[in-house]
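Participant: Sequence:
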Amino acid sequence: MQPIPHLDRQNSDRFFLMAGPCAIEGRDMALAIADKIVTLTGKLGIPYIFKGSFKKANRTSGTSFTGIGDEKALRILREVSDTFGIPTVTDIHESKDAALAAEYVDMLQIPAFLCRQTDLLIAAAETGKAVNVKKGQFLSAGSMKFAIEKIRSVAPDATVALTERGNMFGYGDLVVDYRNLPEMQSLGVPVVMDCTHSLQQPNQAGGVTGGNPKLISTIARAAVAVGADGLFIETHPNPAKAKSDGANMLPLDQLEALLVQLVRIREAI
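In the numbering used here, the protein residues as written are 116 to 384.
The set of hints was computed from the structure by calculation and includes no laboratory data. It is possible that some hints are incorrect.
[To be verified] Restricting the straight-line Cα-Cα distance to at most 25 Å, the calculated cross-link-like pairs of lysine to aspartate or glutamate (DMTMM-like) are:
no. : residue 1 : residue 2
1   : 211       : 186
2   : 211       : 194
3   : 329       : 368
4   : 158       : 143
5   : 356       : 371
6   : 151       : 382
7   : 211       : 241
8   : 260       : 292
9   : 158       : 382
10  : 356       : 185
11  : 358       : 209
12  : 158       : 197
[Stated by the list, open to error] Label-pair restraints from in silico Cβ distances:
no. : residue 1 : residue 2 : range
13  : 172       : 261       : 19 to 25 Å
14  : 384       : 237       : 36 to 42 Å
15  : 268       : 214       : 16 to 22 Å
Note that CB positions come from ideal geometry on N, CA and C, so glycine has one too.
Kindly produce the complete structure, drawing on both the sequences and the hints.
Facilitator: Put into structure tokens, the structure is as follows:
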């Protein structure tokens with residue numbers, strides 16, 4: 116398992132990156148994406164955490180892809196970590212997932228719509244792993260202090276990060292309020308901007324979540340300018356063929372140009 120020094124807010128001269136595919140679709144795909152991003156982030160001096168969901172429980176349609184098998188996907192995440200010497204993060208959706216996933220990854224992520232689930236937060240904290248909690252689409256930034264309190268009620272020294280991913284705007288869109296970033300930073304934890312899920316268009320009649328990926332760079336540039344500690348970007352070699360959330364992912368071949376631009380923005384401020 117890998118340490119995650121990236122989450123120390125004292126080292127804020129560089130943002131860190133949490134990036135990878137929405138879901139683990141297979142070994143070769145995961146390793147290829149990790150290899151590419153490790154090369155890019157190494158060249159640019161960006162601390163990197165590989166992200167991949169070992170299963171997708173939050174699907175719009177009951178026929179949507181949910182995963183290749185829990186332990187199979189988790190073993191791939193561990194191989195990514197061992198191969199490249201980088202930390203990894205994956206989502207958990209049920210309390211029983213926490214101990215299982217913690218055997219393979221370095222950070223557990225709480226999905227936005229589950230951020231108020233006390234048992235889930237406590238189960239994640241009890242593993243001793245770092246915990247990234249996505250802010251609910253229905254919550255204010257200030258209310259996320261309760262998620263931190265729940266985690267630290269059982270693990271006072273737990274490493275916690277919060278992630279902004281927009282708030283619901285009507286029935287099928289999201290809007291990002293950048294005031295949320297400094298407000299959550301005032302809680303004493305690193306704050307990540309989810310540059311892809313904040314552009315989701317959920318609740319589509321066709322049963323597949325839509326998105327607006329052409330604005331990923333806009334969301335990312337603004338977040339870096341505001342002072343986000345980290346960025347969360349889902350990326351795939353061919354988003355059109357991705358098995359989950361393809362409508363929101365950044366094509367992998369566009370990541371380098373974006374990161375170069377973001378580093379320049381951070382250096383300028």
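Participant: Now look at each hint and say whether the structure bears it out.
Facilitator: To see whether the hints hold, each was checked on the structure:
1. 211 <-> 186: Roughly 13 Å between the alpha carbons, so the hint for residue 211 and residue 186 holds.
2. 211 <-> 194: 22 Å, holds
3. 329 <-> 368: 14 Å, holds
4. 158 <-> 143: Distance ~23 Å between residue 158 and residue 143 Cα, so the pair holds.
5. 356 <-> 371: Within the cut-off at roughly 21 Å; holds.
6. 151 <-> 382: Judged against 25 Å, a Cα distance of about 23 Å means the pair holds.
7. 211 <-> 241: 12 Å, holds
8. 260 <-> 292: Since the Cα atoms of residue 260 and residue 292 sit roughly 17 Å apart, the hinted pair holds (cutoff 25 Å).
9. 158 <-> 382: 15 Å, holds
10. 356 <-> 185: 21 Å, holds
11. 358 <-> 209: 22 Å, holds
12. 158 <-> 197: 20 Å, holds
13. 172 <-> 261: 19 to 25 Å: Hint holds: Cβ distance 23 Å, inside 19 to 25 Å.
14. 384 <-> 237: 36 to 42 Å: At 37 Å between Cβs, range holds.
15. 268 <-> 214: 16 to 22 Å: 18 Å, holds
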